[in-house]
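J.: Kindly generate the complete structure, drawing on both the sequences and the hints.
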Amino acid sequence: GAVVSQHPSRVICKSGTSVKIECRSLDFQATTMFWYRQFPKQSLMLMATSNEGSKATYEQGVEKDKFLINHASLTLSTLTVTSAHPEDSSFYICSAGETRGLGYGYTFGSGTRLTVV
Amino acid sequence: TQLLEQSPQFLSIQEGENLTVYCNSSSVFSSLQWYRQEPGEGPVLLVTVVTGGEVKKLKRLTFQFGDARKDSSLHITAAQTGDTGLYLCAGEEYGNKLVFGAGTILRVKS
Chain A
921 GAVVSQHPSR VICKSGTSVK IECRSLDFQA TTMFWYRQFP KQSLMLMATS NEGSKATYEQ
981 GVEKDKFLIN HASLTLSTLT VTSAHPEDSS FYICSAGETR GLGYGYTFGS GTRLTVV
Chain B
14 TQLLEQSPQF LSIQEGENLT VYCNSSSVFS SLQWYRQEPG EGPVLLVTVV TGGEVKKLKR
74 LTFQFGDARK DSSLHITAAQ TGDTGLYLCA GEEYGNKLVF GAGTILRVKS
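Going line by line, the protein sequences match chains A and B. For the first sequence, the working numbering gives the first residue as 921, with consecutive numbering after it. For the second sequence, the working numbering gives the first residue as 14, with consecutive numbering after it.
What the hints contain is simulated information worked out from the structure, not anything from laboratory work. Be aware that a few hints might be false.
Claimed, not checked - Cβ-Cβ distance ranges computed for the label pairs, FRET-style:
(1) E18/B <-> S1003/A: 29 to 39 angstroms
(2) V57/B <-> C933/A: 23 to 33 angstroms
(3) S935/A <-> K70/B: 41 to 51 angstroms
(4) K122/B <-> N990/A: 40 to 50 angstroms
(5) G29/B <-> N990/A: 43 to 53 angstroms
(6) L988/A <-> E28/B: 44 to 54 angstroms
(7) I118/B <-> N971/A: 29 to 39 angstroms
(8) K72/B <-> P928/A: 26 to 36 angstroms
(9) G66/B <-> S935/A: 44 to 54 angstroms
(10) Q962/A <-> S43/B: 20 to 30 angstroms
A quick note: this is a predicted structure, and the numbers were derived from the prediction, not measured. Backbone N, C-alpha and C define an ideal beta-carbon position, used for all residues, glycine too.
T.: Spelled out as structure tokens, the structure:
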């Protein structure tokens, strides 16, 4: 089945530094990928839609200058958290859509646990 | 952005019992998807329902999509400890954006 690979799975960084998270579709091409944020015991909140070859579309309240998204190819999207602060600590998850036997659905990466100290 | 209300938020039952999780909205979605998520992992798609009134079955799991495509339910028969996890419903808006419900934490005790 389709696989979305997300790296790193865990990262700890110092406050003020930047962190890059990669999301790769391994066996299919994804013109669109989605980035979510999830707090403990809460649901997923869409942050932005990443479009290959064009600018990302950010959800209301998400700072585009803080969460930089680059979708340079049909199989890779990156999210860079710039000048990270402790309140940016969260679980970040990417996804890509595709059609398969269960119906059209989305394959999610395994997530990145970001801790800013 | 449309809203999805998912209930209950937490469910603790004994192995062998049945349960139903509900997902409701005042808006229409192009599809409704159900996911299961394990701690520290991304959600995994269980099923997508598209047609109003549609019913899909996956072994002990039965998914229904309301006639008006605004609500859905997940019914698990004879729950097992392996069913423990976070269940998420997600409505697909036109434009392929997913709106997630708050999630249901299911705990099945042996």
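J.: Taking the hints in turn, state whether each one holds.
T.: We went through each hint and held it up to the structure:
| no. | hint | in the structure |
| --- | --- | --- |
| 1 | E18/B <-> S1003/A: 29 to 39 angstroms | holds, 36 angstroms |
| 2 | V57/B <-> C933/A: 23 to 33 angstroms | holds, 28 angstroms |
| 3 | S935/A <-> K70/B: 41 to 51 angstroms | holds, 50 angstroms |
| 4 | K122/B <-> N990/A: 40 to 50 angstroms | holds, 46 angstroms |
| 5 | G29/B <-> N990/A: 43 to 53 angstroms | holds, 50 angstroms |
| 6 | L988/A <-> E28/B: 44 to 54 angstroms | holds, 47 angstroms |
| 7 | I118/B <-> N971/A: 29 to 39 angstroms | holds, 33 angstroms |
| 8 | K72/B <-> P928/A: 26 to 36 angstroms | holds, 34 angstroms |
| 9 | G66/B <-> S935/A: 44 to 54 angstroms | holds, 52 angstroms |
| 10 | Q962/A <-> S43/B: 20 to 30 angstroms | holds, 25 angstroms |
In terms of the numbered hints stated before, the structure departs from none.
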